[in-house]
Amino acid sequence: MLVPISYYLVLSAILFSIGVAAFLIKRNIITIFMSIELMLNAVNLSFVAFAHHWHQVSGQIFVFFVMVVAAAEAAVGLAIIIAIFRTRNTLDVDKIDLMKL
Amino acid sequence: MEVSIWIFLLLSVLKVAVVTVILLTAVAYTVLLERKVVGRIQNRWGPSRVGPFGLLQPLADGIKLFLKEDLIPESVYRPLFILAPIIALSCALMSISMIPFGPDVHYKGVQLFQISDVNIGLLILLGITSVGVYGIALSGWSSNNKYSLLGALRASAQVISYELALGLSLVGVVLRSQSLRLRDIVDVQSTHGMASWNIFGGLQIIGFFVYLTAAYAETNRTPFDLPEAESELTAGYHTEYSSMKFAMFFMAEYANMITVGCVATLLFLGGWSSPFGHLLPDFGGPIVQAILPIFWFVAKVFFFLFLYIWVRGTLPRFRYDQLMSFGWKFLVPVAILNIIATSLWLAFRAS
Amino acid sequence: MHLVLFFIFGGLCVAGALNLLLQRHPINSALSLIVVMSSLAVLYLLLGAEFLAAAQVIVYSGAIMVLFTFVIMLLNAGREDRTHGSKAAYALGFPGAAILVSLLAYIFLSNSRELGSAELGAYIVSTGDLSNVLFRDLLLPFEVTSVLILVAILGAVALARKEEN
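Protein chains in written order, with the numbering used here: chain E, 1 to 101; chain H, 102 to 452; chain P, 453 to 617.
Please note: incorrect hints may appear among the correct ones.
[As the list claims (entries may be wrong)] Result set (DSSO-like, lysine-lysine): computed pairs, CA atoms no more than 27 Å apart in a straight line:
hint, chain 1, residue 1, chain 2, residue 2
1, E, Lys100, P, Lys614
2, H, Lys247, P, Lys614
3, H, Lys116, H, Lys137
4, P, Lys539, E, Lys100
5, E, Lys95, P, Lys614
6, H, Lys247, H, Lys169
7, H, Lys209, H, Lys116
8, H, Lys137, H, Lys165
[Claimed, not checked] Label-pair restraints from in silico Cβ distances:
hint, chain 1, residue 1, chain 2, residue 2, range
9, H, Gln423, P, Ala543, 19 to 27 Å
10, P, Ala610, H, Gly210, 53 to 61 Å
11, H, Pro153, P, Arg476, 54 to 62 Å
12, H, Ser452, P, Ile559, 28 to 36 Å
13, P, Ile605, H, Gly210, 44 to 52 Å
14, P, Arg588, E, Ile80, 33 to 41 Å
15, P, Ala543, E, Leu98, 20 to 28 Å
16, P, Arg476, H, Thr121, 35 to 43 Å
17, P, Glu571, H, Phe377, 43 to 51 Å
18, E, Lys95, P, Glu571, 15 to 23 Å
19, H, Thr292, P, Gly573, 14 to 22 Å
Because the hints were derived from the structure by calculation, they are not lab data. Glycine residues also receive a C-beta, built at the ideal position from the N, C-alpha and C atoms.
Isolated chain E (complex conformation) (with noise of 0.2 Å):
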């Protein structure tokens, strides 16, 4: 039984307006991030389905650099989220506006 490649890119596009929504409508940064990392795997999940359909293997070394990357930007962003709840004592986005403490 065959799956048309298109299925799996609106899957992708699904995923990628949920994430931009959450990146939206979330107040809490945590969540805020977490919305940035499920965008970055509705990408990954097109780019695996592209390989798929071109039969390149490169399709797929993008996702893995796109994984490499997530994982350095998971570091050092929980980093800032932590440097930011030591120094303001919450993780409201709203109330992290002032450039002054």
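Model the placement of chains H and P on the given structure of chain E, informed by the hints.
Here is chains H and P on its own, set in the frame of chain E:
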């Protein structure tokens, strides 16, 4: 080969059921073995009252745990409190599905001694163990108890740190066999008996010790049992758990021990291959010859379980900063050196 | 078989992502994201990317999300409140996302014929194929990512360290 999908499904389900039953029985008797051996190390008898030599003790323990009251404290976060032991146990049981127990024997197109034969078996095994940490982390967080939370934080940091050393220690083995399929890894080691095992002939003895140490830390066993250090944290992440939920954590820990024993056997001690290679003449009938590989496999896994218990009876617990610096500053560099040495050796041998 | 598996795990992905959006407690969002990532790993397997499927589970579900839950536990993050900003975001976010998804879906589905379809097991990239490309053709980018990771480690340590007076 045209095999009916229904026969395939039936046989697979049967296989899963048999393996699960054997695994859970093995878990129960590992607990008994541990109590017996630790007892002898501490100069006492260990359980000896239920049945001959205390052999029915696991049954009594099981009944006790089943019949106990299942307490759920008032202020826990209920969904995760219930979900956590399920995650822990299911990950522990799932990882056994990648393990081949014996040689490549097919019956009606179904692999007899392995639940699923996958190209990337080793990676999937690593993946499942890395997901298993959620059981511990969530149990500690949802219990709403400071001891549990501390235990869970310790456990997640410890598992993430040691996973690195664990993964790196396996690269040497993978380089030698050039495959991530567990069957291929065993096949490379089964030519000349003990001399071609990865630990001796593959020159992976350093990788073996790094793997074993990291695996002890991954399964939260002494000397790395900081997450449940009873003298500091009451019982660590499972302080608030009772009855079957506690038993699920307990079974998960011992099932993980058995998996680690199996993986160490497959990767370093040649799996089901005989230590004597072809020196030993074929004796007995075909039935003995069919059972012999399984015997070697079980004997090797038993050796690892015994080692686990021996270490537990012998070594004291690390301090937490010692644990972290040991993992990051000693095991990871040693594992990386091992990779470099192995690849140089393989390149030299190939040229 | 392929279609059934696609709908099961694709459905799990979408359900997990929606749950991430709707849950108010960060730990529930984190768990639903783990569900999304693990189901994506199965979809990668269906598309023949076996190494990536394992890497997805090990790296995303096993390392990155453990870090997230670790931070949530460490900071004891509680439920988030609805604020003034979130109302504006609701008004903007949902329609925007809906427009985005319908636009992309229209484009993809109208080009469905040219995109063809995926067959189970038709194109499997083994770990060897992947590493041949990665370590021969793309060796320099690979090495550069290691520098990136080193910088990230240093940055994370410098940021999360307590100020010493």
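Hint check results:
1. Lys100(E) - Lys614(P): holds, 20 Å
2. Lys247(H) - Lys614(P): holds, 22 Å
3. Lys116(H) - Lys137(H): violated, 31 Å
4. Lys539(P) - Lys100(E): holds, 26 Å
5. Lys95(E) - Lys614(P): Within the cut-off at roughly 22 Å; holds.
6. Lys247(H) - Lys169(H): holds, 25 Å
7. Lys209(H) - Lys116(H): Answer holds: Lys209(H) to Lys116(H) is near 13 Å, not above 27 Å.
8. Lys137(H) - Lys165(H): With Cα atoms ~19 Å apart, Lys137(H) and Lys165(H) stay inside 27 Å; holds.
9. Gln423(H) - Ala543(P): 19 to 27 Å: violated, 54 Å
10. Ala610(P) - Gly210(H): 53 to 61 Å: holds, 57 Å
11. Pro153(H) - Arg476(P): 54 to 62 Å: With a Cβ separation near 57 Å, Pro153(H) and Arg476(P) satisfy 54 to 62 Å, so the hint holds.
12. Ser452(H) - Ile559(P): 28 to 36 Å: violated, 53 Å
13. Ile605(P) - Gly210(H): 44 to 52 Å: holds, 49 Å
14. Arg588(P) - Ile80(E): 33 to 41 Å: holds, 36 Å
15. Ala543(P) - Leu98(E): 20 to 28 Å: holds, 25 Å
16. Arg476(P) - Thr121(H): 35 to 43 Å: holds, 38 Å
17. Glu571(P) - Phe377(H): 43 to 51 Å: holds, 47 Å
18. Lys95(E) - Glu571(P): 15 to 23 Å: violated, 52 Å
19. Thr292(H) - Gly573(P): 14 to 22 Å: Violated - the Cβ-Cβ distance for Thr292(H) and Gly573(P), about 31 Å, lies outside 14 to 22 Å.
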